[in-house]
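Colleague: Read off the chains here:
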Amino acid sequence: MSGLPNLTPALPEIFMACVAMALLMVGVFMKGEAKKVTRTVSYLATGAMVLALLLVTAFSTTAGTTFNGLFITGAFPAFAKVLILAASALTLLMSRDFFENANVTRFEYPILAVLATLGMMMMVSANDLIALYMGLELQSLSLYVMASIMRNDLRSTESGLKYFVLGALASGMLLYGSSLVYGFAGTTNFEVMAEMFAHEQDSVHGPSVGLIFGIVFVMVGLAFKVSAVPFHMWTPDVYEGAPTPVTAFFASAPKVAALSLFVFVMMGAFGDLAAQWQQIVIFISIASMALGAFAAVAQTNIKRLMAYSSIGNVGYMLIGLAVGGAVASGAETQQNGIESMLVYLSIYIIMTLGTFGCILAMKRGGDNVENINDLAGLSKSNPMMAAALAIFMFSMAGIPPLAGFFGKLYVFQSALEAGLVSLAVIGVLSSVVGCFYYIRLIKIMYFDDAEEDLDRQVGTEISMVVAAAAIVILAFFIYPGFITDSAAAAAAGLFAG
Amino acid sequence: MIVQALAFYLFAAVTVASAVMVITAKNPVHSVLFLVLAFFNTAGLFVLMGAEFLAMLLVVVYCGAVTVLFLFVVMMLDINFVELRQGFLQYMPLGASVGIILLAELAVVMGGWHFAPEAAKAGAAPIPAIETMTNTHALGAILYTDYIYLFQAAGLVLLVGMIGAIVLTHRQRAGVRRQVIRDQINVDVQEVAEFKKVESGKGV
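In order, the protein sequence lines correspond to chains A and B.
Start counting the first sequence at 6; every next residue gets the next number (the working numbering).
Start counting the second sequence at 51; every next residue gets the next number (the working numbering).
Please keep in mind that the hints were generated in silico from the structure rather than gathered at the bench.
Hints should not be assumed to be uniformly reliable.
As the list claims (entries may be wrong) - Listed below are the simulated EDC-like cross-link pairs for lysine to aspartate or glutamate, each with C-alpha atoms no more than 16 Å apart in a straight line:
| hint | chain 1 | residue 1 | chain 2 | residue 2 |
| --- | --- | --- | --- | --- |
| 1 | B | K171 | A | E196 |
| 2 | A | K368 | A | E105 |
| 3 | A | K368 | A | E457 |
| 4 | A | K385 | A | D453 |
| 5 | A | K385 | A | E456 |
| 6 | B | K171 | A | E200 |
As the structure is a prediction and not an experimental result, all values here were calculated from the model.
Between the sequences and the hints, there should be enough to build the whole structure, so can you do that?
Modeller: And the structure:
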């Protein structure tokens with residue numbers, strides 16, 4: 006008998022699971038009106054996420070595995086978990102105002118957010134195909150329910166159903182790929198798999214066709230989850246239909262989890278077969294950048310615009326992964342690629358949180374509006390909010406010296422370093438196109454006249470998050486080490502093992 | 051040996067025949083019942099292979115739960131199956147060609163298949179000899195030790211499923227009268243019942 010597995014590395018996850026169950030009890034048995042109960046559960050859930058973040062920094066940063074090799078900790082998963090927890094806590098904080106306003110007081114919402122976050126943490130800590138799938142499903146199932154939480158709203162339920170059907174398809178692809186990979190390797194553990202694949206690329210008969218099929222299917226499943234072209238179809242509809250705080254959540258934490266998982270699976274398990282998958286990553290990266298840039302131009306709904314923007318941004322981040330697969334240019338270049346991707350990801354999350362804070366604050370007569378033209382005259386009715394949104398948009402467009410510029414700079418630099426010139430060139434071109442619609446928003450805010458002003462009243466939590474995000478974006482160039490150092494440590498952790 | 055072979059062919063033939071009946075039967079309820087027959091015979095095949103746990107699972111989960119669910123769906127939702135079958139011939143060429151392409155791809159994959167040289171050794175939990183341990187016991191021995199993480203994770207996924215079902219469907223209806231047993235017991239007889247002395251021959 007082996008006795009109890011070492012639970013310390015998984016302490017943050019165990020804590021989150023216990024919190025979710027305890028909060029369910031609080032929600033069910035607490036006396037009082039639904040609004041008060043929901044508010045209490047929501048604040049407790051946010052507090053738990055912050056506590057879990059501290060637990061991650063305390064217990065999960067050293068490299069190691071537990072639970073019979075199913076669960077891995079180290080600098081890379083810890084970096085992703087910190088981002089996930091911070092993004093989840095902030096989006097949950099921003100959501101209270103919206104739901105109380107819409108009269109949707111369901112205490113299950115924060116609990117589902119906790120469970121989804123737990124699923125994401127399990128995804129980035131997965132060291133095994135089955136553990137990966139379990140985390141992914143825990144996250145996805147919670148997200149499906151969250152998308153349709155406003156069940157009397159037709160668009161909300163529609164987006165939940167669409168997300169569910171396409172997510173189930175993606176899970177099927179992932180499982181099919183996993184079974185082929187397992188069939189070849191005889192194991193589901195990433196470390197053992199990596200050993201098996203080490204000599205497959207230059208073996209006599211070349212890599213097995215079945216294995217390549219498996220890898221491609223696994224990539225399709227993961228590309229669905231990060232909403233990369235050509236598996237992006239669900240994104241605009243789901244982002245538009247889901248309640249705005251849920252969209253803000255979708256655009257931040259799950260993106261971190263899915264992208265980190267993508268990197269970890271590709272670099273960890275299939276690292277030696279990079280020659281097989283690098284072209285695919287290059288293709289979906291180019292396609293995502295191009296589609297994100299061109300399709301966003303015609304949008305009038307700001308949530309749909311953000312959906313296409315997120316597709317485009319995923320394209321830029323996948324450049325980093327493509328560089329990570331450039332085996333010929335040496336480990337240092339590969340590591341730079343991953344590092345640049347992590348920096349871009351962190352900056353993107355901050356910009357997204359800030360932008361969605363502004364979208365959540367777009368109200369007229371107490372009701373949320375989401376048309377781009379509703380922003381007209383914001384510079385006069387609420388100059389602070391307009392300035393913050395302008396900062397985020399300039400940053401997304403990549404105007405120096407804002408953080409978004411540096412994110413793009415690092416990614417393109419690493420692409421050039423690895424000799425992927427075409428990627429860098431297409432990236433620059435599509436970000437020029439992207440400038441158009443980002444800056445159009447600024448033009449509407451500052452130069453168009455409003456027929457009717459937006460409300461001046463903005464919730465405290467939202468304005469705090471927006472202000473904090475704007476300051477980080479503005480001040481990034483003064484002390485970039487704040488993000489780049491930990492990203493470098495995380496990327497180094499990925500290559501050390 | 052011959053008994054085993056006979057049993058195998060019996061189970062296999064009935065499985066295939068009832069599977070065909072599932073998709074050809076006109077009445078959907080008959081389809082579901084044929085499905086139960088197919089499951090039972092597949093369970094028999096599992097027993098022949100020495101996988102008695104899977105056989106039990108198939109009977110308990112599929113025959114017990116899944117088919118009952120199917121029956122509920124068939125009976126409760128008023129689905130017009132004749133309408134569903136319309137256009138079958140129209141879409142068949144497309145469906146068949148997709149199927150053939152998939153089959154060809156699978157043939158390519160299987161044709162070029164080879165295992166990693168060390169794959170056989172990598173099996174995380176080799177099957178113990180049937181004489182030393184039944185496979186129910188063997189599964190239990192690793193499910194609650196080596197794979198406790200996945201077991202608990204699956205539990206959490208089910209919890210989310212339950213929360214989701216409640217969140218999306220449960221609603222408080224107005225005007226529902228609930229039975230409160232405590233109130234019923236605590237009722238004062240004098241308040242709810244009226245005692246009358248009825249004289250004989252007069253009525254109330």
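Colleague: Hints first: check each against the structure and report whether it holds.
Modeller: Tested hints:
1. Of the pairs offered as hints, the one joining B:K171 and A:E196 holds, with about 15 Å between alpha carbons and a cut-off of 16 Å not exceeded.
2. Between A:K368 and A:E105 the alpha-carbon distance is near 14 Å, which keeps this suggested pair within the 16 Å criterion.
3. A threshold of 16 Å between alpha carbons decides the hint, and for A:K368 with A:E457 the separation of about 11 Å falls inside it, so the pair holds.
4. Distance check on the hinted pair: A:K385 and A:D453 sit about 10 Å apart at the alpha-carbon level, within 16 Å; holds.
5. Of the supplied pair hints, the one linking A:K385 and A:E456 holds, its CA atoms being roughly 12 Å apart against a limit of 16 Å.
6. This hinted pair checks out: B:K171 and A:E200 have alpha carbons roughly 13 Å apart, not beyond 16 Å.
No hint from the list above goes unmet by this structure.
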